[in-house]
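Protein chains in written order, with this note's numbering: chain A, 1237 to 1424; chain B, 1237 to 1424; chain C, 1237 to 1424; chain D, 1237 to 1424.
Think of the hints as simulated: they come from the structure by calculation, not from any bench. Only true hints are included.
Same chains, same names: a pair is fine if it fits in one copy or spans any two.
Pairs of lysine-lysine, DSBU-like flavour, derived with a Cα cap of 35 Å:
1. Lys1267 with Lys1422
2. Lys1331 with Lys1353
3. Lys1256 with Lys1331
4. Lys1331 with Lys1422
5. Lys1256 with Lys1422
6. Lys1267 with Lys1331
Protein chains: 4
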Amino acid sequence: MHLLNQRAPELQVSTWLNSKTPLSLEALRGKVVVLHSFQMLCPGCVQHGLPQAGAIHELFDSEEVQVIGLHSVFEHHSVMNEAALRAFIAEYRIKFPVAIDRSADSDPIPMTMRSYKLQGTPSTVIIDQSGDVRMIHFGQISDLRLGSIIGRIIAEPRTQQSAAASASAQNFTGANSAKCDDQGCKVF
Amino acid sequence: MHLLNQRAPELQVSTWLNSKTPLSLEALRGKVVVLHSFQMLCPGCVQHGLPQAGAIHELFDSEEVQVIGLHSVFEHHSVMNEAALRAFIAEYRIKFPVAIDRSADSDPIPMTMRSYKLQGTPSTVIIDQSGDVRMIHFGQISDLRLGSIIGRIIAEPRTQQSAAASASAQNFTGANSAKCDDQGCKVF
Amino acid sequence: MHLLNQRAPELQVSTWLNSKTPLSLEALRGKVVVLHSFQMLCPGCVQHGLPQAGAIHELFDSEEVQVIGLHSVFEHHSVMNEAALRAFIAEYRIKFPVAIDRSADSDPIPMTMRSYKLQGTPSTVIIDQSGDVRMIHFGQISDLRLGSIIGRIIAEPRTQQSAAASASAQNFTGANSAKCDDQGCKVF
Amino acid sequence: MHLLNQRAPELQVSTWLNSKTPLSLEALRGKVVVLHSFQMLCPGCVQHGLPQAGAIHELFDSEEVQVIGLHSVFEHHSVMNEAALRAFIAEYRIKFPVAIDRSADSDPIPMTMRSYKLQGTPSTVIIDQSGDVRMIHFGQISDLRLGSIIGRIIAEPRTQQSAAASASAQNFTGANSAKCDDQGCKVF
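With the hints as extra help, turn the sequences into a complete structure.
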């Protein structure tokens, strides 16, 4: 699959919320990064993805795991703007850093979402301590499974990384019309 | 309690969504009306109130019960506008009529919310077939209890109405600062 | 459907638990009776039916609604005996009266279950204030729907009863082999 | 804590269900063993513990993780017997091997439960590939946390084991009276 076991592309961010300074994958080497791509009006993100990301943020030692929310708007751009996102984060009491995915000039899909070829929202990306992509998952994933994958990556010997196996990745397929169901909102 | 067993004030609405024609309480005499006051960025509304309103809309015969969503924005006015609400309704697949509560000139609280003295969102108002308010409830209410109240009002003899007992109402107390928790978003 | 809108057959009970004195439908005239037929080893009963019966017991005024558990064992008879049921009731903190359905000599199906022709467990039977059966439902039923049915029966004029409509009943079809799924345990 | 990072005492079992041959911790060296101690009439076990154990059994490769149910009866001994357990396992569709903890002559607490000094049911014990106890947890534990602990143990270098840290263990304190709540059934 695209990017699996390869170097994770750097995040392309217009604004950081819930973080005093901008974060970068490069500066986070040595930690496992859980990147949660969402849209504030995506029901699957609100019901499952964001609470799961919040639970990961609560559970793991911040020296071992960094959770980052990535607001990747690919539909309803005019209403899911920065002011709306700020209100959403306040009302939903989201505590982890949230990056606004940088929009491209003539592409409805923002730049980080495009570079990771995410299928839609919610998507969960896991990046290991060496900076390699280890999982890209679109839709719901059980807490048990996601916990076990993060646990494995934390514990595996570093020398073993880059050779490591991965789990549950899917391919992205072009186009732009958006549609949401219980699993999430897809870009087709 | 304010309004209990009194004539329900007419809805003051700027725009109707999911309805070809404007609705009015007067025109709905003869049906039980379940008015669900919400804000699209209120977590308690999204998690509990709106799914419950949707289940009522599904369960009851439309000749007996009319569900109406009332978008009563009293905070974050600039981002919970009509365009944002339209996107929200589409993504969350809300099927029942939704009224945008008419804003007042110099009051952050919209006009219908003010006339019913609602405490915040979500609030559920039940109006009987005679047009009288029978319940005003702020926050979560169990499906079993709400179902039983609606069932009673449907079945009671009409002559008995206006004399009827009610359930679980609370008083509203002034002011404007907003705050959300698992129960809902309050106006203090 | 069998029994619908007809006089409810009297309960046939070998032992009452959680009740100082035996109850009878005759003595309960004037109240709505919610009869919850279950087996202690039926997953659908433990997960849905019994918590729902407990919530009804909690919610309604005991002058209006009487909840009765009916332990209708039609499989695994040797292990779902009175001593086991007593332990179950203690551990699950069941507070409403529970009747042990009287076993028949040469029939694996106990006598009350047979007279109501219940399809399996959980089954919910609603009997109105006049003593007529108003609903027999096998499997899960939503809180909203069950609450609304109870509410209607409480409120309807008594003269109207016996002519009343009902909801969601199914026919029973013979035989004895038992099988459980998420909905309940069936007698085929 | 008692036993933490020490060799796990061998299981003392009177009967194995769902397993053609008896299992032993010694024969399972090389796998992570998740031992789930339960009682069939313990609400916390039925609602949370056993479904979680089933999900672990489903998720992990049987070459890496072995789930074992341990029926550790310390109350209501006469009704939680082998025949009742067999009916329970059939109705709840439990698929993983279940061991009946061997009862002791003059001790209400069975022998494996005693040797691990478990506080009550449900208890989850994790034993690593080297046969050392890595976690003993009484009551509920989140899927995310349990998954992460299993994942870590699977992935950690074997040489590191026996020196490893652990999580969430509690001390056992004597006596025999039993009491259940939402968390589980305790031996005090």
